[in-house]
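Taken in sequence, the protein lines are chains B and E.
In terms of this note's numbering, the first sequence opens at residue 1 and continues consecutively.
In terms of this note's numbering, the second sequence opens at residue 168 and continues consecutively.
Treat the hints as calculated values from the structure; they're not laboratory data.
In this text, a Cβ means the ideal position worked out from N, Cα and C, and glycines have one as well.
Quick list of simulated restraints, FRET-style, between CB atoms:
{"id": "1", "chain 1": "B", "residue 1": "Pro20", "chain 2": "E", "residue 2": "Ser294", "range": "48 to 58 Å"}
{"id": "2", "chain 1": "E", "residue 1": "Ala189", "chain 2": "B", "residue 2": "Leu153", "range": "24 to 34 Å"}
{"id": "3", "chain 1": "B", "residue 1": "Met67", "chain 2": "E", "residue 2": "Asp326", "range": "32 to 42 Å"}
{"id": "4", "chain 1": "E", "residue 1": "Asp326", "chain 2": "B", "residue 2": "Leu40", "range": "43 to 53 Å"}
{"id": "5", "chain 1": "B", "residue 1": "Met67", "chain 2": "E", "residue 2": "Ala185", "range": "42 to 52 Å"}
{"id": "6", "chain 1": "B", "residue 1": "Gly44", "chain 2": "E", "residue 2": "Gln234", "range": "43 to 53 Å"}
{"id": "7", "chain 1": "E", "residue 1": "Ala201", "chain 2": "B", "residue 2": "Thr26", "range": "50 to 60 Å"}
{"id": "8", "chain 1": "B", "residue 1": "Asp88", "chain 2": "E", "residue 2": "Gly247", "range": "36 to 46 Å"}
{"id": "9", "chain 1": "B", "residue 1": "Tyr103", "chain 2": "E", "residue 2": "Glu178", "range": "26 to 36 Å"}
{"id": "10", "chain 1": "E", "residue 1": "Met213", "chain 2": "B", "residue 2": "Pro20", "range": "44 to 54 Å"}
{"id": "11", "chain 1": "B", "residue 1": "Ala33", "chain 2": "E", "residue 2": "Met299", "range": "50 to 60 Å"}
{"id": "12", "chain 1": "E", "residue 1": "Leu287", "chain 2": "B", "residue 2": "Lys15", "range": "30 to 40 Å"}
{"id": "13", "chain 1": "B", "residue 1": "Leu153", "chain 2": "E", "residue 2": "Leu287", "range": "14 to 24 Å"}
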Amino acid sequence: MTVLDILTYPDVRLKRESLPVETFDTALRTFVAELEATRLAGPGAVGIAAPQVGRPQRIVIVDVSQMKRPVPNHGHLVLVNPEITAWDGYAVGREGCLSVPDYTGNVIRAERIQLVACDPYGQRLEFAMDGFEARAVQHELDHLDGLLFLDRLVSRRNDLFRRKTYR
Amino acid sequence: MNWFMLTVVGEDRPGIVAQLTAALYQGGCNLGEAAMARLGGNFSVMLMVQHTGTLERLLALVDPVAQELGLHVHGDRIEGHLHRHLIPDVRVTVYGADRSGIVAQVTGALAAVGCNILDLQSDVGGSEARPMYVMTLEGQTGNGIEALEAALAPLGRDDIEIEVQPIETLIG
Numbered sequence: 001m002t003v004l005d006i007l008t009y010p011d012v013r014l015k016r017e018s019l020p021v022e023t024f025d026t027a028l029r030t031f032v033a034e035l036e037a038t039r040l041a042g043p044g045a046v047g048i049a050a051p052q053v054g055r056p057q058r059i060v061i062v063d064v065s066q067m068k069r070p071v072p073n074h075g076h077l078v079l080v081n082p083e084i085t086a087w088d089g090y091a092v093g094r095e096g097c098l099s100v101p102d103y104t105g106n107v108i109r110a111e112r113i114q115l116v117a118c119d120p121y122g123q124r125l126e127f128a129m130d131g132f133e134a135r136a137v138q139h140e141l142d143h144l145d146g147l148l149f150l151d152r153l154v155s156r157r158n159d160l161f162r163r164k165t166y167r
Numbered sequence: 168m169n170w171f172m173l174t175v176v177g178e179d180r181p182g183i184v185a186q187l188t189a190a191l192y193q194g195g196c197n198l199g200e201a202a203m204a205r206l207g208g209n210f211s212v213m214l215m216v217q218h219t220g221t222l223e224r225l226l227a228l229v230d231p232v233a234q235e236l237g238l239h240v241h242g243d244r245i246e247g248h249l250h251r252h253l254i255p256d257v258r259v260t261v262y263g264a265d266r267s268g269i270v271a272q273v274t275g276a277l278a279a280v281g282c283n284i285l286d287l288q289s290d291v292g293g294s295e296a297r298p299m300y301v302m303t304l305e306g307q308t309g310n311g312i313e314a315l316e317a318a319l320a321p322l323g324r325d326d327i328e329i330e331v332q333p334i335e336t337l338i339g
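Starting from the given sequences, assemble the full structure and let the hints guide the process.
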């Protein structure tokens, strides 16, 4: 399976908004397979978004089922045209990115989200997520709107005042 | 190009960083990592500076700014290495009534279980009559989070509260 090139910051394509998928065909599913191969070829990424390989479409993959310290999860997810419909709580967590090598930073995310999306066949999906999986989804969905975790960095001194344990 | 660590301390006022870094830039220097902190109303900054000349030449570049702003400047030749980030796997927060020894006790317990502290910040808050000490640190546990929690548990029973949070770094 083809492993695609990952764009790295400051490539301007990472800062563009992606377009919704309108055709759920074999070509889409082939691309999803290549995107997954690309994720697995990297250094243990729990997610990847289509814009990271230069394809400005609203497609992400998230899989937090293989964490060393197990976390609640919905398994391997391919999310097409995903949309977060509700947010609750906030937590500080440490994030890095395939597109921002050699740097990690603290980011505040919602602790719990509700999510609607389609699968690669166009079937509607709905999820209630929390903790690390919710964080991973928010990180990947940011890519679809041209945002990197760098856009959401918080100061280390602020962490204490915003802290809440995330799972 | 040589790397130097410049440490600058003085009374805080607006414009210190701008004037220091302008002098370095105009002198042909390049900055690496930097950390500034305002501690008890005092300005302090550490700057990794890349420079072709000697330490004396570098200090001469910032001397006019130091003289003008009343800053103390110290310089050391260092082995400068960027891209040497370590990723923490634990965050410890500590707070309690301010007293002597909190940092020594907490960091001593961490050192005893092999924890490498990567970042430490502390503040004194509360009122002057009832000061409160707050510290956050991030590190690499070395021997696992359970050992670290066990080492800190006896301290947390006293007059300080200690919270240990695992840091699971997300790569996406």
